[in-house]
Amino acid sequence: MITISDLNKQFGKLRVLNSISVQFHPGISYAIIGPNGSGKTTMIKCVLGMVVPDRGEIKVGDESITQNSIYRKKIGYMPQIGRYPDQMKIGQIFDMIRDLRQDEKNLDEDLIREFKLDKLKDKRMHTLSGGTRQKVSASLAFLFDPPILILDEPTAGLDPISVEILKTKIHSEKNRNKLFLITSHIMSDLDELASHLVYLEEGKILFNDTIDLLKEETGERKLGRAVAAIMQRNLKAETI
Amino acid sequence: MMKIAKYVAYDIIRNRFVLLYTLFLLIVTGSMYSLDSDAGKSTLSLLNIILLVVPLVSVIFTTMHFFNSYEFIELLLSQPVNREKVFISEFLSVALALSFAFIIGVALPTVLLANSAAAVYLIFSGVLLTFVFVSLASLASVLTRDKAKGIGIALLFWIYFTLIYDGLILYVIYSFSDYPLEKVTLLLSSLNPVDLARIVILLKLDISALMGYTGAFYQNFFGSSTGAIYAFLLLLAWIIIPLWIALRKFIRKDI
Numbered sequence: 305m306i307t308i309s310d311l312n313k314q315f316g317k318l319r320v321l322n323s324i325s326v327q328f329h330p331g332i333s334y335a336i337i338g339p340n341g342s343g344k345t346t347m348i349k350c351v352l353g354m355v356v357p358d359r360g361e362i363k364v365g366d367e368s369i370t371q372n373s374i375y376r377k378k379i380g381y382m383p384q385i386g387r388y389p390d391q392m393k394i395g396q397i398f399d400m401i402r403d404l405r406q407d408e409k410n411l412d413e414d415l416i417r418e419f420k421l422d423k424l425k426d427k428r429m430h431t432l433s434g435g436t437r438q439k440v441s442a443s444l445a446f447l448f449d450p451p452i453l454i455l456d457e458p459t460a461g462l463d464p465i466s467v468e469i470l471k472t473k474i475h476s477e478k479n480r481n482k483l484f485l486i487t488s489h490i491m492s493d494l495d496e497l498a499s500h501l502v503y504l505e506e507g508k509i510l511f512n513d514t515i516d517l518l519k520e521e522t523g524e525r526k527l528g529r530a531v532a533a534i535m536q537r538n539l540k541a542e543t544i
Numbered sequence: 591m592m593k594i595a596k597y598v599a600y601d602i603i604r605n606r607f608v609l610l611y612t613l614f615l616l617i618v619t620g621s622m623y624s625l626d627s628d629a630g631k632s633t634l635s636l637l638n639i640i641l642l643v644v645p646l647v648s649v650i651f652t653t654m655h656f657f658n659s660y661e662f663i664e665l666l667l668s669q670p671v672n673r674e675k676v677f678i679s680e681f682l683s684v685a686l687a688l689s690f691a692f693i694i695g696v697a698l699p700t701v702l703l704a705n706s707a708a709a710v711y712l713i714f715s716g717v718l719l720t721f722v723f724v725s726l727a728s729l730a731s732v733l734t735r736d737k738a739k740g741i742g743i744a745l746l747f748w749i750y751f752t753l754i755y756d757g758l759i760l761y762v763i764y765s766f767s768d769y770p771l772e773k774v775t776l777l778l779s780s781l782n783p784v785d786l787a788r789i790v791i792l793l794k795l796d797i798s799a800l801m802g803y804t805g806a807f808y809q810n811f812f813g814s815s816t817g818a819i820y821a822f823l824l825l826l827a828w829i830i831i832p833l834w835i836a837l838r839k840f841i842r843k844d845i
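For the protein sequence lines, the chains are A and B, in the order given. For the first sequence, the residue numbers in the numbering used here are 305 to 544. For the second sequence, the residue numbers in the numbering used here are 591 to 845.
Fair warning: there could be bad hints in the mix.
No more than 25 Å apart at the CA atoms, straight line, and that leaves these computed lysine-lysine pairs for BS3-like [stated by the list, open to error]:
1. B:Lys843 x A:Lys393
2. A:Lys519 x A:Lys363
3. A:Lys378 x B:Lys593
4. B:Lys675 x A:Lys377
5. A:Lys473 x A:Lys423
6. A:Lys317 x B:Lys839
7. B:Lys675 x A:Lys393
8. B:Lys843 x A:Lys377
9. B:Lys739 x A:Lys377
10. A:Lys471 x A:Lys425
11. A:Lys393 x A:Lys363
12. A:Lys377 x A:Lys478
13. B:Lys596 x A:Lys425
14. B:Lys843 x B:Lys675
15. B:Lys739 x B:Lys843
16. B:Lys593 x A:Lys393
Read the hints as simulated data drawn from the structure, not as lab findings.
Start from the sequences and build out the full structure, keeping to the hints where you can.
Right, here's the structure in full:
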């Protein structure tokens, strides 16, 4: 479980997160959406301890994440743009991370196998295409069988076959009571993968409930239209 | 921590920069000792080059390395690894790699060709200066996200300590030449790691007479074991304080 309370973050004068409080429960997958620059990635990076919040507290399980790094064992993270040391080979990256987390024996190498990354293990990172990097990121996120998975735009840049492999993987892990946080701009993917929706705009949470409820409220059958409806509603509220 | 350091070191070794630096130092040291039969004079010339080159290479390499391994640091920090460990491993790997290059390039030929007390001091100071400037450059690297700015700040440290600071001291000495300034200059020199290293080595070369009354005063102070310990502790402070500030900054930094 992840508990975020009163989270604030400012970059210079720009207020990216404005007093966010939210709870994420295990066994549920949350879609986090919002316009560009609404604070999705910043919120995720706060949970990962990569961005240090100005105010507020984040708990993963029962432990606070401030001055803590062990809690990251519970989280698998797939970044929006995976950046890796240029000169390292795919195999070396996996070996290094495995070496750093030697005490964890529960490895899940399904994705490495299914993406056929073992055949590419001698390729250097800077020679890889964006899609292959995404495959590396995804495989790393699932590698240690973590109870929480945070996927930042997981399907962007992947070919259709790989997208299906990743989706199947997400579905099978969801059934194992794992917590998923997924951001994406592709609504049809989210419709398929997530059951709850958190809508962020200008650093505030404007909607946080099940996707079914959202569809009911807006009277739309597709998530994309439903989201567009609430975005428009907010726009109108602003002009008034 | 050793594991992280292992991977950083692996990355540094792959980089040819350290190898070129070692070769450069070897050639300079070798040629200095073969040009002049008087080992003392050679050590003096070598000293001047080293005091300029070692800090320069240390600041440039450290900042370049830090910004080039940003991806690596990002990758590590998404894993259950704590920030202190990552930062200290980066620092130690860079400082040790450059010190190693210095030892192969300068210490080895010096000990073989012209072993003397001054030479030992030169080697010791060179290694300490490497650590001092790697520490200062680490601070410059965490102060900004921009690579060009980072290298700029690091170069400023270098220019300040090797060139500007001496000018300031000279200005003070000339402006107040009517007053006894030994203690003041001693204090001022202590505030600059490069001067500190220079004075300690010069005194071992027995040319303090050239420095007049101040030289005699220095000889009296730094010649004693208390003075040597004083210089050593100050250089140590020059390593620890910037590194400590940099570490504080790094822990609070947004990646």
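Results for each hint:
Simply put, B:Lys843 and A:Lys393 have alpha-carbon atoms about 28 Å apart, too far for the 25 Å limit, and the pair is violated. Restraint check: the Cα-Cα separation between A:Lys519 and A:Lys363 comes to about 31 Å, which exceeds 25 Å; the hinted pair is violated. Between the alpha carbons of A:Lys378 and B:Lys593 the distance comes to roughly 21 Å, so the proposed pair stays at or under 25 Å and holds. At most 25 Å may separate the alpha-carbon atoms for a hinted pair to count; B:Lys675 and A:Lys377 meet this at roughly 16 Å.
A threshold of 25 Å between alpha carbons decides the hint, and for A:Lys473 with A:Lys423 the separation of about 20 Å falls inside it, so the pair holds. The suggested pairing of A:Lys317 with B:Lys839 holds, with an alpha-carbon distance near 20 Å, which does not exceed 25 Å. Pair hint B:Lys675 plus A:Lys393 holds up; C-alpha atoms about 24 Å apart against a cutoff of 25 Å. With a CA separation close to 21 Å, the supplied pair B:Lys843 and A:Lys377 stays within the 25 Å bound.
Of the pairs offered as hints, the one joining B:Lys739 and A:Lys377 is violated, with about 35 Å between alpha carbons and a cut-off of 25 Å exceeded. With a C-alpha separation of about 23 Å, the suggested pairing of A:Lys471 with A:Lys425 holds against the 25 Å cut-off. Between the alpha carbons of A:Lys393 and A:Lys363 the distance comes to roughly 35 Å, so the proposed pair goes past 25 Å and is violated. The straight-line distance between the Cα atoms of A:Lys377 and A:Lys478 is roughly 18 Å, inside the 25 Å bound, and the hint therefore holds.
Restraint check for B:Lys596 and A:Lys425: satisfied, since their Cα atoms lie roughly 20 Å apart, inside the 25 Å limit. Between B:Lys843 and B:Lys675, the direct Cα distance comes to roughly 15 Å. Compliance with the 25 Å bound is thereby established for this hinted pair. Taking the CA atoms of B:Lys739 and B:Lys843, the gap is near 16 Å; set against the 25 Å cutoff, the hint holds. Proposed proximity of B:Lys593 and A:Lys393 is supported: the alpha carbons are some 18 Å apart, at most 25 Å.
In summary, the structure is inconsistent with hints 1, 2, 9, 11 from the numbered list given earlier, while agreeing with the others.
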